[in-house]
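Peer 1: Chain residues, written in single-letter form:
2 protein chains.
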Amino acid sequence: MNNQLDRNSDIPLYQQIEQIIKEKILKGEWPVGTKIPSQRKLASIFCVNRSTVTAAIDELTAEGLLEGKRGGGTKVTKYTWSGLASGPALDWTSYVRSGIHRPNSLTIQEINRQEVKKEIIRLGTGELSPELLPYRDMKTILRHAEAEKLTLGYEEPKGNRYTREVIKDRLEQKGVSVSPDSILIVSGALQALQLISIGLLKRKSAVLTERPSYLYSLHVFQSMEMKLCGIPADEKGLDPAVIPACKKQCGADLLYTIPTFHNPTGRQMTEERKKELIRISKQQCLPIIEDDAYGDLWIDGPPSPPLKAFDQDGNVLYVGTLSKTVSPGLRIGWVAGPEPVIERLADIKMQTDYGSSSLSQWAAAKWMESGLYEKNLARIRNKLKIRRDTALRCLEAHCEGIASWEKPSGGFYIWVTFHKPLQIHTLFEKALKKNILINPGTLYDQEARQSIRLSYSYASLSDLEKGIRTIAELARELM
Amino acid sequence: MNNQLDRNSDIPLYQQIEQIIKEKILKGEWPVGTKIPSQRKLASIFCVNRSTVTAAIDELTAEGLLEGKRGGGTKVTKYTWSGLASGPALDWTSYVRSGIHRPNSLTIQEINRQEVKKEIIRLGTGELSPELLPYRDMKTILRHAEAEKLTLGYEEPKGNRYTREVIKDRLEQKGVSVSPDSILIVSGALQALQLISIGLLKRKSAVLTERPSYLYSLHVFQSMEMKLCGIPADEKGLDPAVIPACKKQCGADLLYTIPTFHNPTGRQMTEERKKELIRISKQQCLPIIEDDAYGDLWIDGPPSPPLKAFDQDGNVLYVGTLSKTVSPGLRIGWVAGPEPVIERLADIKMQTDYGSSSLSQWAAAKWMESGLYEKNLARIRNKLKIRRDTALRCLEAHCEGIASWEKPSGGFYIWVTFHKPLQIHTLFEKALKKNILINPGTLYDQEARQSIRLSYSYASLSDLEKGIRTIAELARELM
Chain A
1 MNNQLDRNSD IPLYQQIEQI IKEKILKGEW PVGTKIPSQR KLASIFCVNR STVTAAIDEL
61 TAEGLLEGKR GGGTKVTKYT WSGLASGPAL DWTSYVRSGI HRPNSLTIQE INRQEVKKEI
121 IRLGTGELSP ELLPYRDMKT ILRHAEAEKL TLGYEEPKGN RYTREVIKDR LEQKGVSVSP
181 DSILIVSGAL QALQLISIGL LKRKSAVLTE RPSYLYSLHV FQSMEMKLCG IPADEKGLDP
241 AVIPACKKQC GADLLYTIPT FHNPTGRQMT EERKKELIRI SKQQCLPIIE DDAYGDLWID
301 GPPSPPLKAF DQDGNVLYVG TLSKTVSPGL RIGWVAGPEP VIERLADIKM QTDYGSSSLS
361 QWAAAKWMES GLYEKNLARI RNKLKIRRDT ALRCLEAHCE GIASWEKPSG GFYIWVTFHK
421 PLQIHTLFEK ALKKNILINP GTLYDQEARQ SIRLSYSYAS LSDLEKGIRT IAELARELM
Chain B
1 MNNQLDRNSD IPLYQQIEQI IKEKILKGEW PVGTKIPSQR KLASIFCVNR STVTAAIDEL
61 TAEGLLEGKR GGGTKVTKYT WSGLASGPAL DWTSYVRSGI HRPNSLTIQE INRQEVKKEI
121 IRLGTGELSP ELLPYRDMKT ILRHAEAEKL TLGYEEPKGN RYTREVIKDR LEQKGVSVSP
181 DSILIVSGAL QALQLISIGL LKRKSAVLTE RPSYLYSLHV FQSMEMKLCG IPADEKGLDP
241 AVIPACKKQC GADLLYTIPT FHNPTGRQMT EERKKELIRI SKQQCLPIIE DDAYGDLWID
301 GPPSPPLKAF DQDGNVLYVG TLSKTVSPGL RIGWVAGPEP VIERLADIKM QTDYGSSSLS
361 QWAAAKWMES GLYEKNLARI RNKLKIRRDT ALRCLEAHCE GIASWEKPSG GFYIWVTFHK
421 PLQIHTLFEK ALKKNILINP GTLYDQEARQ SIRLSYSYAS LSDLEKGIRT IAELARELM
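Residue numbers (this note's numbering), protein chains in the order written: chain A, 1 to 479; chain B, 1 to 479.
Looking at chain A on its own, in the form it has when it is part of the complex:
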């Protein structure tokens, strides 16, 4: 809205702001019942003093377009020019509140809002830093666009055939042998979970997962009335031995795991555990979703093969993605599993978005078959090593004695646990006041009130150093 202000105009700024807000209300962009942004936020949007905003709001309130609610901010009232004569107005608020899918948690909403700010140091962000993203190579691929391999029409339900063949080849290199018919291309790994939640499970189903887990920070299963049941994990990954009891207790229908470079703990499941997990899955007739988003991002040496490589019975749905290695914006991931399951998921995908972008599918194939993917990986692994080592060095320098952590051998994350209780949300807020954004452990496990997920993939080296030092200072104060 800021660029609608004319600072050279004779009309005072508060009147211009009044007019802009009035238009939003009268055009129905801010319908009746809408809580408008706070005065502080409006002042920051318009780059004006708060008193200017207050003057505009006062005018609009006097005109009967806005109404101040005690403690509830300012809302658009029913008394609008167009609404005056025609009785009650449509109440969108009740629609927004009553939808089936849960809103993101307030902490995640706050993180989403804050992380767009330029001055913020993002210590929790689970993505590659913009400086690590391969803009030049993507440009090269696009420049050589050969129209004959491009599809502009709808793709097959499982996704572009050629792209699936390229994915098949990559999986083979990891010891996972599947045919292209057993692969579904999806718009990122998260969509795979979304499709599984509405495609394979009943309402009230239960899903087992490591605790803490990335899965707790999503609402993908919970929005379909499903519950998550946490199972313990140690530095070798989740403990398969407890699965039979856990499964019985909560009636689990599925197990979700990130065996390699776990989110948020950074841990790696050992090969022995993987084999044991496969054995238990078979014995318990318990399907597994293996999320391998980080598997290619090893730092100290290649990890053992994915769970799927040990699965002879089709009990594992394997999920992969290019989001963490090439480009999150590409929105390309894949699921590999038994054909009837893949066909069911493909049918639902067609029914919800008619398939993933053919442009992205084409680019994904180009990345992988041209060799640029491997070249890019080698570069990123080097950079991640430097970043991880810097983060560890900073932790040793500033958090020795007040927190513990493990050294991850790949992926993006270090799970830092403070030795003494502290108000993790206060730490979050105090850090934010110093322009540092952290992901509290409670996002991944309600009980993890002394932990944070530290990501070394996003912030610059100097910001990592500065951020970790500041967090350590704040934590010391709070403990």
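Hints listed in this document are in silico derivations from the structure and should not be mistaken for laboratory results. These numbers were taken from a predicted model, which means no experiment stands behind them. One should not assume that every hint holds.
Each pair may be met inside one copy or between any two copies, as identical chains are not told apart.
Calculated lysine-lysine pairs in the DSS-like style (CA-CA distance at most 25 Å, straight line) [as the list claims (entries may be wrong)]: (1) Lys248 to Lys204; (2) Lys282 to Lys75; (3) Lys117 to Lys35; (4) Lys22 to Lys275; (5) Lys27 to Lys174; (6) Lys375 to Lys149; (7) Lys248 to Lys430; (8) Lys420 to Lys139; (9) Lys41 to Lys69; (10) Lys139 to Lys149; (11) Lys383 to Lys433; (12) Lys174 to Lys385; (13) Lys22 to Lys282; (14) Lys168 to Lys22; (15) Lys466 to Lys149; (16) Lys118 to Lys204; (17) Lys247 to Lys430; (18) Lys22 to Lys41; (19) Lys375 to Lys385; (20) Lys149 to Lys117; (21) Lys35 to Lys149; (22) Lys202 to Lys227; (23) Lys35 to Lys168; (24) Lys168 to Lys247; (25) Lys168 to Lys27.
Chain B: place on chain A using the hints.
Peer 2: Chain B alone, transformed into the frame defined by chain A:
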């Protein structure tokens, strides 16, 4: 699977086929309980005689890997090498059957299966013919990829800012005035409906829509336990006067309409009706989803402005897309509506697929701001005019006296209703035997047992001629 056969090998083909199927079973791609393709289908997949397939299946059955079910086809049995010692195997079939989201209707599944065949004449397909898709222009856009406008990271929750500004400009040309903050970029119009279904409505909600309607062919609302209530329409579009009674009767929470070049009837709502619909929507506090997928595809002259242009209260969620005009594979559409609603839908989109492909969003902006979009539209309108006129001429030549239809002035469809009762599914099957694929009216309205949706956008002119002639002959036989 076909390309796995080695026709020069000394190993007989049936043994090779046996081996291929065995691997699929032992690797878990066809898990226990999977119904394998019919012998006829396998013969066609492998390009061999059916007897060769039978020999392979017999071997596998003797080995205990397959089991023939009377009337139920052939299934993978529990008795596999790996399964022998370990009790019951995981039953994926029950997962596939118990998911929340409904499978596509059997007719649509059959259409999806058949339409990939080269020899099929597609008289029902709702997309542009490959020969109409702008491959050259897309190539030009990609070749000029300027890295600075490309995003490889995640986009903002509502989608790329610049793309939303370009969409805002286009909407303004249609008389729709919204700010970029009130626009959400989605992966095609269908995803907009999916997000609305899980984002704004309770379970058991009811949605009003024209009958027949495209919406009946989807399960997007029904899968969330919502019901559709049909309202009558005539050549001027749906009749707003009946809405109060319909709303009361079924307790409707939303109205979905395709006012311009309706799918499947091709009808155009008059401006008078649009204004009346807006008035009724306001009076009844009934939000409207306006699906404007076809609005740019006028043939005889521009249509009246969209409903959204008459909406002063933010009661209309406007849905647009590039799928019908540029490329379905691009998967780019948009929703424009009140900001709180758009924010809610954006939050859910982030939770289900983290946003649409940034590559596609970038290409979409390029299409619209470069002028290529308008140039392409002009070309397509000309082509559609020729196609529509050919279809009408063929209908007059072959269906005069046995069916009636209206002349559409834009879009893709002619709704053809036969004068006498006939078994529409028999017509579908008999046409399919002659390699012609039609969309029965019952997909869009259970009661429309004498109608078909004829699309002139996909088949070539000669196929349109041949197809319509054949359908007329078959219908005459059946009536």
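Peer 1: The structure should be examined with respect to each hint, and the outcome stated for every one.
Peer 2: Status of the hints after comparison with the structure:
In this assembly of identical chains, the alpha carbons of Lys248 and Lys204 lie at most 25 Å apart only when taken from the same copy (15 Å versus 32 Å across copies). Taking the closest pair of Cα atoms, Lys282 and Lys75 come within 25 Å of each other only across two copies (20 Å); inside a single copy the shortest separation is 56 Å, beyond that limit. Taking CA atoms no more than 25 Å apart as the test, Lys117 paired with Lys35 passes inside one copy only; the shortest distance there is 23 Å, against 54 Å between copies. In this assembly of identical chains, the alpha carbons of Lys22 and Lys275 lie at most 25 Å apart only when taken from different copies (23 Å versus 64 Å within one copy).
In this assembly of identical chains, Lys27 and Lys174 lie within 25 Å of each other by CA distance solely across copies; the values are 15 Å between and 56 Å within a copy. In the homo-oligomer, the alpha carbons of Lys375 and Lys149 lie at most 25 Å apart both inside one protomer (23 Å) and across protomers (24 Å), since each shortest distance falls under that limit. Proximity of Lys248 and Lys430 under a CA criterion of 25 Å is satisfied in neither setting, with 42 Å inside one chain copy and 52 Å between copies. In this assembly of identical chains, the alpha carbons of Lys420 and Lys139 never lie at most 25 Å apart, being 49 Å within a copy and 59 Å across copies at closest.
For the homomeric pair Lys41 and Lys69, the shortest alpha-carbon distance inside one copy (17 Å) is at most 25 Å, but the shortest distance between copies (67 Å) is not. Taking the closest pair of Cα atoms, Lys139 and Lys149 come within 25 Å of each other both inside a single copy (17 Å) and across two copies (11 Å). Taking identical chains as interchangeable, the C-alpha atoms of Lys383 and Lys433 are never at most 25 Å apart, the minima being 29 Å within one chain and 60 Å between chains. Taking identical chains as interchangeable, the C-alpha atoms of Lys174 and Lys385 lie at most 25 Å apart only when both belong to the same chain, with a minimum of 22 Å there against 53 Å between chains.
Taking the closest pair of Cα atoms, Lys22 and Lys282 come within 25 Å of each other only across two copies (20 Å); inside a single copy the shortest separation is 63 Å, beyond that limit. In this assembly of identical chains, the alpha carbons of Lys168 and Lys22 lie at most 25 Å apart only when taken from different copies (19 Å versus 56 Å within one copy). Neither within a single protomer nor between protomers do Lys466 and Lys149 lie at most 25 Å apart by alpha-carbon distance, with minima of 47 Å and 31 Å respectively. Proximity of Lys118 and Lys204 under a CA criterion of 25 Å is satisfied in neither setting, with 42 Å inside one chain copy and 44 Å between copies.
Within a single copy, Lys247 and Lys430 get their C-alpha atoms no closer than 40 Å, and across copies no closer than 51 Å, so neither meets the 25 Å cut-off. For the identical chains of this complex, Lys22 and Lys41 are intra-copy neighbours only, at 17 Å inside a copy versus 64 Å across copies, given an alpha-carbon limit of 25 Å. In this homomeric assembly, Lys375 and Lys385 come within 25 Å of each other (Cα to Cα) only inside a single copy, at 16 Å, whereas the closest approach across copies is 50 Å. Proximity of Lys149 and Lys117 under a CA criterion of 25 Å is satisfied inter-copy only: 19 Å between copies versus 39 Å inside one chain copy.
In the homo-oligomer, the alpha carbons of Lys35 and Lys149 never lie at most 25 Å apart, since the shortest distance is 49 Å inside one protomer and 33 Å across protomers. For the homomeric pair Lys202 and Lys227, the shortest alpha-carbon distances inside one copy (11 Å) and between copies (20 Å) are both at most 25 Å. Taking the closest pair of Cα atoms, Lys35 and Lys168 come within 25 Å of each other only across two copies (24 Å); inside a single copy the shortest separation is 50 Å, beyond that limit. With identical chains, the CA atoms of Lys168 and Lys247 are never at most 25 Å apart, being 32 Å at best within one copy and 51 Å at best between copies.
For the identical chains of this complex, Lys168 and Lys27 are inter-copy neighbours only, at 14 Å across copies versus 51 Å inside a copy, given an alpha-carbon limit of 25 Å.
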